[in-house]
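Taken in order, these protein sequences are the chains called B and P.
With positions in the first sequence counted from 1, the corresponding number in the working numbering is that position plus 55.
With positions in the second sequence counted from 1, the corresponding number in the working numbering is that position plus 19.
Treat each hint with caution, since some may be false.
[To be verified] Below, a list of computed lysine to aspartate or glutamate pairs in the DMTMM-like style, where the Cα atoms sit at most 20 Å apart:
1) B/Lys130 x P/Asp422
2) B/Lys158 x P/Glu89
3) B/Lys328 x B/Asp293
4) P/Lys396 x B/Glu199
5) P/Lys387 x B/Glu326
6) B/Lys123 x B/Glu101
7) B/Lys104 x P/Glu199
8) B/Lys130 x P/Glu440
9) P/Lys410 x B/Glu326
10) B/Lys158 x P/Asp36
11) P/Lys293 x P/Glu280
12) P/Lys387 x B/Glu199
13) P/Lys387 x B/Glu348
14) P/Lys396 x B/Glu326
15) B/Lys158 x P/Asp401
16) P/Lys444 x B/Glu74
17) B/Lys304 x B/Asp293
18) P/Lys451 x P/Glu440
19) B/Lys290 x B/Asp200
No wet-lab data here; the hints were simulated from the structure.
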Amino acid sequence: MENTAPQLFKVTIDGVEVEVPPGTTILQAARKIGPEVAPPAMCYYEPLKGSGGKCRACLVKVSAGSAKDPRPMPKLVASCITPIQDGMVVENYTNPQVVDARKSVVEFLLINHPLDCPICDQAGECHLQDFSYEHGVGTTRYEEDRRTFEKEDIGPYIQLHMTRCVLCYRCVYTADQITNKRVHGVMGRGDHAEISTYIGQAIDNDFSGNVIDVCPVGALTDKTYRFKNRVWFSKPVDAHCDCEKCSGKVQLWYRGDEVIRVTARKNEWGEVKEFICNTCRFERKQTSDWTIEGPTKVSRASVISANKYSKNLVKKPDFALKLAESQYKNIDDDRPYLHEMSEIQQSEDYKALMAKDEKYFGHK
Amino acid sequence: MKILTEHINTPGIETFDVYRKKGGYTAVEKVIKKMTPEEVVEEVKKSGVRGRGGAGFPMGMKWSFLAKPEGVPRYLVCNADESEPGTFKDHYLMKNIPHLLIEGMIISSYALGANKSFIYVRGELMYVIHILEKAIEEAKAAGFLGKNILGSGYDLELVVQPGGGAYICGEETALLESLEGKRGNPRNKPPFPAVKGLYQCPTVVNNVESIATTSWIINNGGEAYAAIGIGKSTGTKLISASGHINKPGVYEINLGVSCDEFLNSDEYCGGVRKGHYLKAVVAGGSSVPIVPGHLFLKTANGEDRLMSYESLSDGGFATGTMLGSGGFIVFDETACIVRNTWNFARFYEHESCGQCSPCREGTGWMQKVLNRIEHGKGSMHDIDLLVDISKKIEGNTICPLGDAAAWPVASAIRHFRDEFEWHIKEPIAATKPGAVYMKESVLV
Ligand SMILES: Cc1cc2nc3c(=O)[nH]c(=O)nc-3n(C[C@H](O)[C@H](O)[C@H](O)COP(=O)(O)O)c2cc1C
Ligand code: SF4
Ligand code: SF4
Ligand code: FES
């Protein structure tokens, strides 16, 4: 009798054991355990063949290669492209070397990033924001000029902001794999490599809009939505339509009664499983175009959930006080400073400040 | 011992007739008529010859790792992209004695069972490409290439491919991508080329010099080759010597000759130029750690250092370096280490393919900081910053270019830190044209 039950490999990631089929990557195995141990990923995108291995955000330490050969791997490995072996032991959040390497990847990705989040449409749903918040440090050591690029117009629907690009190649794989005529790619090399069309062509293809969804940062954004909104002011709703070109399964983003944006649906790892066509994305912006399924589930941790709950349920922190307190406490020198909030509030400076702009600090 | 360069000065050696008269293509006759492919691989294994492209991996072993699935073609690709600063030996060999490479290609292809093999030549060397193409035509006309070589039934086609014009295209998997007509981005490994290489078929990539050794090995036997050299550094090696020496040029040395002899004897470099002192050496191409003169001549234990893979790396990165590709660059006391390090850093920033974030961003960052220091705008914490950036790149990238960019910076600071500090403390003096920091104790 043949054994038809698939053979499973046992892997331990951050002390948690999981059984997965051979061929699974470390990252997928970790995702199976859950978000607590899943390494961050800035370039890997499961639906796109060949993606991954580039950003190095997902580096992990393999402290035992397999049960048969329990030697550790000499270098950190990219978990998104390294297949597991039976008996492999992986250290992720538990290994200081890994934590340190991730910190440096954040730093590398940020040194040339414009940090124009306040005017970036991606802010609030940006993987680089999440990645740097979760794995980076709050300061920078970079004193040089940031790199900039010539602006390039790639057509009526998609806005390219090359300065924000992290060169994850996701958009290139997307264009390669789901559109029938790729006109864009990476030009140049090193820190001046850029996403571009050859030469200055518009991207014009029924599925081209999907590059917007796969882009982890605000390098590719929706021109029809540009500067219209901050994502946390809008409400996502699952909807579908009968589309002859794609699955028609989308998310509608409402601001008030108005559909201000249409995107594909993303799973909990921020990946689109069913790509949508440009007609759904850019042309169908009336509620009457869609059958509404109901509100999209949004994690409470996401900034998108902000302002979606009734006011008295959410206790707003008193930012001015919190900030003042933390700043005073964190100053690391031996000048005399005031310790207690009450003392701060009694100081002349504080009073003067309050008198100047009461509204700003929100005090009645 | 002259294995590769014995006939290099013979007039007309670039033509088939002269090369043949000097005993050329006898090795092809021998393998095709008398040897099985396995026997050829065995002979190369016995010779112990190590890859001359930089990494020094034993060639015979690499050949025996080649996967041989039924019905799938296998490829041999010769890496002639030679772009490492300080390295110009492959160029010298191909330009002067092209048939040595062609003969090696036939022997190696036969050993590996490849029927179509490629020579990927640095794109800037168009005239060398023409030389090779002519040599291929001549070999074909003489029946050593093409269909049914020497009536054996073995077919081989040789293709010369002009390179993509980037240093990174010399990295073997980037080379394969480029050869396939794509952007020269290194691939993630595994799979290694021996399993999935060119067009996803099993492929061996070898350096020009590695392949060129095979005809001698076949004619004289692997054991005779292994008898030359020292320990695991068997045979001879071409060294491209440049910098502040009396006799720059390409030299064929027996591995194991002492560093002192190589640098100072008249047979080779002829010593540091007159009236000057030895300050530092880059022994194996810009990617290897730079060492001060005294650590080049003697190991940290005071033993004489030898020109061999093992001896040059004695002491690890703390006090040693690497043989690399044999790009030998000598600096006397007039050379500014900071300026040189900045120059190397510019090269790596320019040549990084830009796929992985540590290399793409880190090489640019290091270059900018070094630029500032060199131009009198550095501050003390920049030095530790550079060391830290180099550590964050090293080992965390897809291909070894990241390491290659990190090592020169880290080693320059390790051995010449006071020179960096001087640039920061004395910016006015340091930025005067030709100004160099002098510390006599490091000069030899
Ligand atoms: C950035 C980079 C550039 C390289 N350039 C070359 C080159 O120009 N020529 C070469 O033979 N090997 C080069 N190599 C080494 C090759 O990847 C490969 O190891 C070599 O061609 C194998 O041949 P060998 O075993 O005969 O040395 C380079 C490696 C790296 C990482
Ligand atoms: S534009 Fe966006 S998706 Fe494309 S490479 Fe840049 S960051 Fe990645
Ligand atoms: S290390 Fe540098 S050259 Fe190599 S793949 Fe990464 S970015 Fe490209
Ligand atoms: S997610 Fe693995 S390297 Fe980018």
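Legend entry - Earlier hints that do not hold, by number: 2, 5, 6, 8, 9, 10, 13, 14, 16 and 19
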